[in-house]
Amino acid sequence: MKKSAPPRKSPKKNSRKGKSTRKPWFWRLFLRVFFIGVVLLAGWMVYLDAVVTSRFEGRRFEVPSRVYARPLELYDGASVSSGALQRELELSGYRAGDGSNAGTYRRSGGHFVISTRGFLFTDGLEPRRRLSLTIYGDRVQDFRVLSGDSSPIVRLEPAQIGGIYPAHKEDRVLVQLEDVPVLFTDTLLAVEDRNFRDHYGIAPLSIGRAMLANIRAGRIVQGGSTLTQQLVKNFFLTRDQTLLRKGNEALMSVLLELHYEKGDILETYLNEVYLGQAGTRAIHGFGLASQFYFGESIREIDAHQVALLVGMVKGPSYYNPRRHPKRALSRRNLVIDVMAETGLIGEEQAARARAQPLGVTDKASYSENRYPAYIDLVRRHLARDYKQEDLQSEGLRIFTTLDPAIQHAAEFSVKDMLSRMEGGSDTVLESALVVTSRDSGEVLALVGGRDPQYAGFNRALDARRPIGSLIKPFTYLTALQQPERYTLISPVEDKGFSLVFDDGRRWEPKNYDGEERGLVPLHEALSRSYNFPAVRVGLDVGIDAVKSTLQSFGVTSGISEYPSMLLGSVAMTPVTVAQIYQGLATSGFNTPLRTIRQVTDAEGKALSRYSLKVDQVADPAAVHLVQYVMQETMQEGTGRSAYRTVPRELSLAGKTGTTDDGRDSWFAGFSGDLLAVSWVGRDDNGPTSLTGATGALPVWSRFMSQVPQHGFSPVVPDGVEYHWVNPAEGALTDEHCENARLVPFITGSEPDVEVSCGGNIERRIRGWFEGLFQ
Amino acid sequence: MKANTLRYAGVMTLALAMAGCASGPGGGSIYVPAGGSSSRDEAPEPPQTSDRGEEPRVERKSEQPEEPVREPEYSSPSYQDEGDALSPAARSLIQRADSLMAAGDTQVAVAQLERAQRIAPRSAQVYFKLSEAYVALDQLGSAEQFTLKGLSLAGSDSSLQRAGWLLLADIRRARGNVAGADQAEARAGAL
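One line per chain: the protein sequences are B and D, in this order.
So the first sequence is numbered by the numbering used here: it starts at 1 and just counts up by one.
So the second sequence is numbered by the numbering used here: it starts at 1 and just counts up by one.
Everything labelled a hint here was simulated from the structure, so no lab data went into it.
As the structure is a computational prediction, the values presented were derived from the model and not from experiment.
Some clues are possibly wrong.
As the list claims (entries may be wrong) - The calculated label-pair distances, taken between Cβ atoms and stated as ranges, are:
1) D/179 <-> B/83: 27 to 33 Å
2) D/178 <-> B/544: 28 to 34 Å
3) D/105 <-> B/87: 30 to 36 Å
4) D/107 <-> B/390: 20 to 26 Å
5) B/557 <-> D/95: 20 to 26 Å
6) D/105 <-> B/427: 55 to 61 Å
7) D/179 <-> B/723: 29 to 35 Å
8) D/107 <-> B/141: 31 to 37 Å
9) B/451 <-> D/95: 45 to 51 Å
10) D/176 <-> B/723: 36 to 42 Å
11) B/247 <-> D/105: 55 to 61 Å
12) D/107 <-> B/557: 30 to 36 Å
13) D/179 <-> B/87: 51 to 57 Å
14) D/88 <-> B/387: 42 to 48 Å
Claimed, not checked - Stretches of chain B that chain D covers, calculated by requiring three or more beta carbons in the stretch to come under 8 Å of a beta carbon on chain D:
15) 129 to 141
16) 319 to 331
17) 373 to 385
18) 643 to 652
19) 704 to 712
Backbone N, C-alpha and C fix where the C-beta goes; we use that ideal spot for every residue, glycine too.
If we strip away everything but chain B, and leave its shape as in the complex, we get (with noise of 0.2 Å):
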């Protein structure tokens, strides 16, 4: 632009000089309007050019962040059922075919032949394969590469699930001049702008070149202006067709032509071009158009679906090949023929691409966030370590820990349990999910409502609510970290009682069914939830002791020191609960939860890594005790319920909460791979008839029996050793007898009686011999 002024300032102030004194009064207005004019021209170039430039200079696009689900891993005993890796196929833009060409696959039953495009992980690449395997009995046999590297285990391409996109809702994916196949720009400017190479941003000739052609093909097939101009009409102007605007267009176009090469500019229209609309989302540039369209890298497309996106510049509603389909077609076919005409493609090649069908994946992959509660928790660990603005425009590449088929199962257990509770009462429900993998914490699935498509309050995180008795398993935990004074069998007593505080007040606390039995083993109160051994127990422990225990398994905010705290008026989110039950769940492992695995920039160099944390937070002997409270739980306890709907052969260990007037429906449990918790209630905060049993239960039994998973069966750890006992004598006793129970002791607190199954306590004499191989 400096270069431009200069030059045109001299001449003028020249003639004005000479002319003013000979010519007459209107050549001197002439002169001046003329004057004026330049300068206003000049003024109005420089502006131009400051655009022109400070737009290309910059960044020249906000790429939106780009959000996926974690890759499937296929291999021999992977868990997956054939609905479930159909539909993962499909959400990563697979097409049913013949499962030979790249992003396609061939399903039969439970066979299912897949044709991978490769995908490069920051911890490696994998590269495109031919696999084969049958699903039986939700899992993966017979695993085999047919062609590509061969591997025991393979990751499919992670779905999208989402995006950060800026505010004007452009999407993009930037792609570089040398990596878009020569035929694709030369098929482009073939099409678009034959003159290309050689013009100056503006091509008079070629306009008329275009009327000529179009006159000979008896319709258009080329557009007058050349890709400089049309990239400056996306680029910088409105889309009125006034004289101005087309002046505008001229002058900004040799601007840009003077300061840029015509790769830079050839590369910035590949990327800006408008192919289509997603939603509210706008589909820019070439790099995206094939991801929408194709489910494939612009690198990988053949010439047909070359034509397809060159021919759909010219109207990208009007030839939307998803709906139109028909005029896309001719429009393909018409590019093709220029294609051949040019000799880019040989005949016989453009007659094979004549005869290829259009190839669109039938849903576009990239599609609006179709988890919006699972998004949110994402965007709160992602704004940690990134700025806002920098996730809507760096077009950063987000790896997420989100499970497809386990989401899909989470969302309908909520959506179905919930309308069936109601039934035909006025009463609306509300519920949370959270579901995570056990060992990892990491977060597969998140439902914030009943609605999974609702981008609202998202109650699965912003939820707090009193946890009623999900608090008992960490009072026990506590009481059972001193093995001297607490076992799994030491009587406790299920007697109501008042405490009386200093100022005078008085709390009773009540047993859910108004009852009182007297004593009872500590696994039996806990099984069935009784609330005055909690209290009494809690109390005699201590709350501080309670209250340090779910400190240490990662209750962050604050803990009331109440003794109501002992039943649960403790509020917290349901995200929250998963948190602290990891180390239950786990052997007093706390694992912090997480939703990213990894952060890379836009060509894919790593930027962040969450890895997998583990932190022993309490004796996994004690931990085992409560685990096995946690399973008797579901088989004979106020669980049991859930194997109306789970099988029999999942082994579960869980707890149900429930708070005043049912308020508050919670259920937290895990099997051998997943941990859930569910929640049940009103927004209101009103009361339901609902218990933790009727209420959260449901919906968390209904996901679990759609969920192909292990069973939970820990392994024993250190210093526990299982004996049969009669738990209501507190003694050790025959297998055969009844009431007798196998059940784990902390070495060295066991019973040291013994009871025959004819009632007799003996005490149990060790021999020093004995004693020497314990």
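Given chain B, work out where chain D should sit, using these hints.
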């Protein structure tokens, strides 16, 4: 020098651990397809107490014998004596991680090991390998925790136990926790 010895020890114990796992089938959690009709896959096993020599006491209701045998009023909570064995897929990822570590690409090795952990979360070996990787990264705190996690899954497999305690002793010594190291070594020696 010290780090080298430590790394060497880690590799040694791990080689042992892998050998140990190859020799025994290990426990094995029961896999249940959705909806639970596991019979189409393999004969369903009831939740079991796989304690030494004890018969599983639980019978599925449908299979209960006619005679008036005392019916247990509850199913026993399930437990097992050993963690799960490594699947070939997990093993191949660990091998990949091994060669990455040998090439000094430990960060990528960790990513491969985390893949292995996701598909074999109940195998002690995976955690010992992660521990080894964190030793190589000189993050001994994480290494110690992964060793403990591995030990929690080693169960009655004494070669895995031994490998774990020796690894723990090494790490604790490197962290300056001499008493803890001696203790761990004694545990290994007692096996």
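Right, here's what the structure says about each hint:
no.	hint	verdict
1	D/179 <-> B/83: 27 to 33 Å	violated, 55 Å
2	D/178 <-> B/544: 28 to 34 Å	holds, 33 Å
3	D/105 <-> B/87: 30 to 36 Å	holds, 35 Å
4	D/107 <-> B/390: 20 to 26 Å	holds, 23 Å
5	B/557 <-> D/95: 20 to 26 Å	violated, 44 Å
6	D/105 <-> B/427: 55 to 61 Å	holds, 58 Å
7	D/179 <-> B/723: 29 to 35 Å	holds, 32 Å
8	D/107 <-> B/141: 31 to 37 Å	holds, 34 Å
9	B/451 <-> D/95: 45 to 51 Å	holds, 46 Å
10	D/176 <-> B/723: 36 to 42 Å	holds, 40 Å
11	B/247 <-> D/105: 55 to 61 Å	holds, 58 Å
12	D/107 <-> B/557: 30 to 36 Å	holds, 34 Å
13	D/179 <-> B/87: 51 to 57 Å	holds, 54 Å
14	D/88 <-> B/387: 42 to 48 Å	holds, 44 Å
15	129 to 141	holds (count 4)
16	319 to 331	violated (count 0)
17	373 to 385	violated (count 0)
18	643 to 652	holds (count 6)
19	704 to 712	holds (count 8)
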